[in-house]
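Asker: Listed here are the chains, written in short residue letters.
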Amino acid sequence: MKRRILSVIAGTAVLSLAAGAASAATLDDVKSKDSVQCGVSQGLPGFSNPDQDGNWTGLDVDFCRAVAAAIFGDPSKVKFTPLSAKERFTALQSGDVDVLSRNTTWTMSRDTALGLNFSVVNYYDGQGFMVRKDLGVNSALELSGASICTNTGTTTELNVADYFRANNMEYELVAFEKADEVVAAYDAGRCDVYTTDQSGLYAQRLKLTDPGAHIVLPEIISKEPLGPVVRQGDDQWLNIIKWTHFAMLNAEELGVTQANVDEMKSSDNPSVKRLLGTEGEFGGAIGLGNDWAYNIIKAVGNYGETFDRNVGPDTPLAISRGVNAQWNQGGLQYGPPIR
Amino acid sequence: MSDTSNNPSAAFVRNEMIEQSAAPARAVGIVAWLRGNLFSNWVDSVITLIILYGLYLMIPPLLNFAFFDAIWSGTDRTACTTEAQGGVRAPDWFGGCWAYVDAYFNQFIYGRYPDDEQWRVNIVFIMFFGGLAPLLIPSVPFKQANIIFMSIVFPVASFILLTGGNLHYTGFLLPGFVMEPSATRFWVDYAIITAVVLAIGYGVSRGTDSDPEPMVKMVLWIMGGLAVVLALFAVPFGLEPVETDRWGGLLVTLVIAITGIAVSLPIGIALALGRRSNMPIVKLFSVIFIEFWRGVPLITVLFMSSVMLPLFLPEGVHFDKLLRALIGVAMFSAAYMAEVVRGGLQAIPKGQYEGAMALGLGFGQMMRMIILPQALTLVIPGIVNTFIGLFKDTTLVLIIGLFDFLGQIQSSFTDPTWASPVQLVSGYMFAAFVYFVFCFGMSRYSAYMERRLDTGHKS
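Read top to bottom, the protein sequences are chains X and W.
Residue 339, in full-length UniProt numbering, is where the first sequence stops; the numbers in between run on with no holes.
Residue 459, in full-length UniProt numbering, is where the second sequence stops; the numbers in between run on with no holes.
Heads up, a few of these hints could be off.
[Unchecked claim] Here are the simulated DSS-like cross-link-like pairs (lysine-lysine), alpha carbons at most 25 Å apart as the crow flies:
| hint | chain 1 | residue 1 | chain 2 | residue 2 |
| --- | --- | --- | --- | --- |
| 1 | X | K298 | X | K33 |
| 2 | X | K86 | W | K217 |
| 3 | X | K298 | X | K31 |
| 4 | X | K242 | X | K33 |
| 5 | W | K392 | X | K178 |
| 6 | X | K242 | X | K265 |
[Unchecked claim] With beta-carbon atoms standing in for the labels, derived distance ranges:
| hint | chain 1 | residue 1 | chain 2 | residue 2 | range |
| --- | --- | --- | --- | --- | --- |
| 7 | W | G441 | X | A85 | 48 to 56 Å |
| 8 | X | T105 | W | D320 | 23 to 31 Å |
| 9 | X | K33 | W | L226 | 41 to 49 Å |
[To be verified] Per the computed footprint, the stretches of chain X lying under chain W, defined by three or more beta-carbons under 8 Å from a beta-carbon of chain W, are:
| hint | segment |
| --- | --- |
| 10 | 40 to 50 |
| 11 | 65 to 77 |
| 12 | 85 to 98 |
| 13 | 257 to 263 |
No wet-lab data here; the hints were simulated from the structure.
Cβ coordinates follow ideal geometry from the N, Cα and C atoms, glycine included.
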């Protein structure tokens, strides 16, 4: 009896502590919490992983900081919730996180059936192959009969099956539960080919005994557009997420960088003026201050800068821009104009 | 007839004792030990040689990796990679990268707990080990004070230190139009609940014609004590609040394991007694509880708590992730503990119960003084087994996004700054070492306790 009453009290006490305001607009929630709650991965090099000082770093993490900068003018007003692949959507649906920025592939079923909205694509990924150089293979189409190492239970497995069947090729699958096991098996020569998302190939190559003896084949066999996700039904919040990314793209296109953003404020270019809020009232339309984009760029830089800082050629990952270049550089990143 | 003993002059009789000579070389010392244990016949000899060869194959590479070829200092992956891999080591170098463990050491212990606040975790560690050691050593006095410290002061102080305390109660019972959410409303609610409990208890006592006074006293004590604790949690001590998603590493492992151990034992004992009880409702409840929690895998429990529970809660209500895992782990291990304790209870002969009843002891006294002391000492190996299992099972919380010690190490594998072929091996070796130290410590202590209580009935 007493035990039960005690537990009821304890339970309700905890609940009431945590109970915040009921579902208002996400932006109002975020403002009253004074921070953006951002769901990230449990560790994916270059996208979201804690560094040795415990700070989150990566492309997805910088995006969250950009959102915080846009809203509060302070990139540190963001809290990160590491989520496993399985719990990520529930966490967003239940309101545990405000935005899910966790290398999540935009697919039709996820966009439509889960009550979620994909906003933009901040990284175009795709599944690729890595092989030993001494195999003398230069194209994935020459891989017939190869044994292929990959993770179990992911779309990578299915993509491989689709690709080989479509091209009438034989293959033997060697699957493991964890990425580390896959790399170790490939390194030990248990299979000829290692396949996963291309950004992952670059990261895992660092763990090979002789990275120089392996090449990444040029073929991309699947589309993996990765981007931030929000709950359905809050268009204002969706707009904020979308335009945070677009502002970073536009900044790169216009040559506005973290270093020169203050000088650029006095630029005569009307596009720059609209971006940085010296002309027009664009911030107000999404419920933010007029200097929202200025704050983003001041805090994390433009898209190219965050790319270079986290995954670019000077990082250990050394990923080239490829399809993630600006549209006028032959890539797919296209920021709609601010006007 | 002659008596040789009386005739020392006979030539064949020794007059003095022979000097004690040393035992034959084959029967003493290391040679005898080797002959007795390793080479006593040809089968043993062959087995010994095979094992020695196996050790020769394993030990030197292990020592080379862990010590002789290991790298102890460095700032990034170049220190722990060969030239072909982009580092500075010779081509065939293969050794432990302790520089990486060193760089991450802080995170392995505290997770992402803010640097400036880590002294709070240190104090909790010191309080824990400082309070536990004298409790575990039988000859140290003041056991009672020590138990009070460990069971009341330590948990409350740890909670305040680790989270920062300063909770804001808003109340939950009275609707908003009666009273605005505030600390006052919470205490009014609290008083109402206390009054309701008292009234029910009083009514029941009057209805069953028993004296309501002890019940009233007990309720007041419990509610009063709880109120003091809750009030302490709300005191602004000026500590920076640290949310549980910043906790990690050994801190989380120990928090989960210790809470699980501390909660599961009393609940387990209660459930074991309940399952053997003659009261049908109590028995049914205990059986259902135990079988439910034993029937589902811990992973499922954790998944339910992290994936399903948020969907059932009203919108805007958040239940702390770590708290959810804590409750799940505690319930789960309580069910196992209950069965271990029940095994001990079964082993106590009926005569012990009857003797206790013949002395006029009540149920509580009988259990406290006669049955449980015997039953629990009997099942020490089983209890410690459950504890060790629980300690290692804490690693499962990784799947719900909490970084325990192993999870923190695994998450550090994703840092490209240190990525190298030896990173995994080094990290896992360190993890194995730390887990071994803890589990072996628990196991040794239980062996010591068994010897001391002579539960094996060897002597």
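Asker: Report the numbers of all earlier hints that the structure fails to satisfy, in ascending order.
Answerer: The structure breaks hints 2, 7, 9, 11, 13; every other hint is satisfied.
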